Amino acid sequence: MWLVIVIAVLLIGLGFYLSMTAGRIDRLHQRIETSSLSLDAHLLRRSSIAIELATSGVLDPASSLLIADAAHLARTSADLDPVLKAQAESDLTAALDAALADPEETLEIAETQLGSDLLDELDAAFRRVQLSRRFRNDAVRACRQVRGQFLVRLFRLAGHTTWPQTWEMDDTPPQGLAER
Amino acid sequence: MKIGLVCPYTWDTPGGVRSHVADLALTLQEHGHTVSVLAPVDDPSLLPPWVVDGGRAVAVPYNGAVARMNFGIKAANSVRRWVRDGDFDVLHIHEPLAPGLSLLACWVARGPIVATWHSAHVRSRILSAGYYIAQTAMEKVRGSIAVSEDARRTLVAHVGGDAVLIPNGVRVDAFAADGRLPEITSAHPTILFLGRIDEPRKGLDVLLDALPAIIARVPDVRVYVAGPGDLGDQHENLDPALAEVVTFLGRVSDEDKARALRSVDLYVAPHTGGESFGIVLIEAMAAETAVLASDLPAFRWVLEEGKSGALFVNEDAADLAAQAVRLLTDRSAREQLTSAARIRVREFDWNTVVEDVIAVYDSVGMPGEKVTTDLRGQIVGRLGIRPVS
Chain P
28 MWLVIVIAVL LIGLGFYLSM TAGRIDRLHQ RIETSSLSLD AHLLRRSSIA IELATSGVLD
88 PASSLLIADA AHLARTSADL DPVLKAQAES DLTAALDAAL ADPEETLEIA ETQLGSDLLD
148 ELDAAFRRVQ LSRRFRNDAV RACRQVRGQF LVRLFRLAGH TTWPQTWEMD DTPPQGLAER
Chain V
22 MKIGLVCPYT WDTPGGVRSH VADLALTLQE HGHTVSVLAP VDDPSLLPPW VVDGGRAVAV
82 PYNGAVARMN FGIKAANSVR RWVRDGDFDV LHIHEPLAPG LSLLACWVAR GPIVATWHSA
142 HVRSRILSAG YYIAQTAMEK VRGSIAVSED ARRTLVAHVG GDAVLIPNGV RVDAFAADGR
202 LPEITSAHPT ILFLGRIDEP RKGLDVLLDA LPAIIARVPD VRVYVAGPGD LGDQHENLDP
262 ALAEVVTFLG RVSDEDKARA LRSVDLYVAP HTGGESFGIV LIEAMAAETA VLASDLPAFR
322 WVLEEGKSGA LFVNEDAADL AAQAVRLLTD RSAREQLTSA ARIRVREFDW NTVVEDVIAV
382 YDSVGMPGEK VTTDLRGQIV GRLGIRPVS
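Top to bottom, those sequences are chains P and V. The numbering of the first sequence is the numbering used here, which starts it at 28 and goes up by one. The numbering of the second sequence is the numbering used here, which starts it at 22 and goes up by one.
It should be emphasised that the hints constitute simulated quantities derived from the structure, not laboratory data. Everything numeric in this text was worked out from a predicted model, so none of it was measured. Just so it is clear, CB atoms sit at the ideal spot from N, CA and C, and this is done for glycine as well. Any given hint could turn out to be false.
As the list claims (entries may be wrong) - For each label pair, taking beta carbons as the anchor points, the in silico distance ranges come out as:
id	chain 1	residue 1	chain 2	residue 2	range
1	P	Leu-45	V	Val-81	29 to 35 angstroms
2	V	Thr-206	P	Glu-135	48 to 54 angstroms
3	P	Leu-37	V	Val-81	31 to 37 angstroms
4	V	Ser-360	P	Asp-108	42 to 48 angstroms
Stated by the list, open to error - To be clear about the criterion: a stretch of chain P counts as covered by chain V if any three or more of its residues have a C-beta under 8 angstroms from a C-beta of chain V, and this derived list gives those stretches:
id	segment
5	51-61
6	153-165
Claimed, not checked - Partial pick of chain P residues on the chain V-facing surface, computed with a CB cut under 8 angstroms:
id	residue
7	Leu-64
8	Ser-65
9	Ala-68
10	His-69
11	Ala-169
This is chain V alone, in the form it adopts within the complex:
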């Protein structure tokens, strides 16, 4: 199958949607499909051959954050050219309401179009202001996918229509590979925290509050904190007694994140809220590391109510400490969790998830149908102007 994927956010900056598209593209190619990805690109010299440069992105405020996207007549033309030359069997648009390449692709193409909804909290102001635009764009989408129940609910409530739930995938084999992070000791019991250190909802404070109680029972414990954020504040506020136990690794690459997960005894996810999926838990499970997470609904679902990872009461440092001590001192308890996690994680393996995505591709078109360019419904189309071929 020839598949065209559209990513609205710039290829150069790491992000949830961008890595979803990259993993999907890689897995589809491993399954023998031809894939072309259209995305905004800042530095074309580093692109893999299957990514097409959709133009330079500019930073714009959208949906409460700053997103790097591109739009305008030039972008519209490059989308049209890409669709015309691609000869795709399916066009798969990600985050269709992001006002960039995705929305443009919806406008210029017709035929078998699939859209994946990622974000759960699209501001209602955007949706009400853009309702007509959203409707006319969504009407062309023949099949919608939502990555989480929250994302599905947002679509159903605000735009209308139905979506198939297909969760995010993880490239399990990439996390299960070998290699440790040299910075992390193997001589002590170790705990890892991942995520922005200056963002309260990632819950680093809960872990640090629990630390004295953990040290009291496991004196030689070492804690590693990997993630971007302002180190200065955290260092100054840190109790000197904790300072020799805690090591800040700073921002780590995807490869080093996998290595760090494989190097520790316990991964702790003390997130206090705002998580709709918890992909990082699945990454830890894929790296065969025992997981201890707060009991957010999304985490409880991923960890099967504690079967494939331990849970503690959200924001309760004492409970976190008790659970962490139990797991750090009991190797067989950790192994029980990781062996259950090994089975659970297969459900989120891209090799499994991609089958569901392909089933959607198969269900949106007539046999032999192709994606073509479309000018109908646009003013230029009404005046009889056709694209120059």
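For reference, chain P alone in the conformation it holds in the complex:
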């Protein structure tokens, strides 16, 4: 009799734990989802400002062309595979870095009101991309940790969802922008 009670209590406890953990996993997946959307929004904002910068006339024609091309590719890569999308965004970072690497040159660009406003906006966009990517990857790390637990794998609490992937790209702001 006691054995039955003990087993029943253990089963109820296990059921409770599994149900709580399933709730946690669900919440973590949602956190990854929302932070991905936030990251997408900031990446889109960054490429918009890059295009504005390229067409504003404050840069030399070669830099303008380079940035406009990279920004266009980054914007149209939204439907691509995440790895290709991240590559396109890293390429935009590289193009911006090529144009804005020299702190003295960026100071010259910032002499006009338009140039200074655009650089401020680009700086703010870079910071938000960095932060939202960091927060997204942190959510992925937390989710992986729970999904890696023995009981979670045994009872397949994550269902058929794919294993979460971190978002890897180069989001270091150009030196000239950071040191302004």
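Starting from the known structure of chain P, fit chain V onto it as the hints suggest.
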């Protein structure tokens, strides 16, 4: 942006976290945001309109000190009501593991949640006992901020996860305003000490040990000691020769602290350890007073290795005396420090710091997302009970 801030410690008692929240709330409002602060309150009659009474606090031992916080079903309900009615774009929780309003807010809310970690020395016993609770609460936090490298390390090591480092701010303009403290003479070279006088790590003893050597070179020096603590002991032990040089001001208000800093020639910070940030140095720098501090890592970083404030070898009274004499007798050396400090201190101005905080707010939510109440993950939620609206 509509921002909800949660402070776990009582609004009536001064403290590091509480003044951080108050300064952040004021600065955010100056930048055009709508702010509501939820905190435990003992005396609701004195509250500014943007602070919401989260209930009466009780004194509980936590993390090696006595903290005044509140918790329980009533507190949970008031947090839930505040979150529901606030319609916030971002919920910003301070010290998320303090078992009071902060932890409760983490439980009852969902959406864009940011948390700031203040303390560096959370006892590992608390963290291991509360690991599961900490994990489930932290999982809802979308973005973590740490105020110092030590606080960040504590979070990474014990709870897991990442945090953005955003240092404490100082309302520079409040310290740079005019007005002197009438108790402090302007006819003598003057030194100020701030901090509890009966707490050894604040280093008053090091300063008093150095004093005879300072008097030998600068006979008309006057030393002012501002801070709470048992005056009796210090008075009795004080050498009569020093007694006429040293004046004890007792506990001073925030306004008087700023006035005292502005009234003296030199602020000395002889702290012997346990300082993770050194906000008082920044306050002195904002008041445009020359700073002489012990060479603790946190102080060296704030003072840029001696560029914006002088350093002496920690606990070395002779070195303190030599440096103090040099600075008291050389006005241009002091001015060199204060003009470097004027530039350095801008980095810690709340007006600068708040930009970084807003960038974090922008990065945690989907466009247009709001903070809502959440019952999922709780037992009541599983039974299908929903909050009464």
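May I ask which of the numbered hints given earlier this structure violates, with the numbers listed in increasing order? 4
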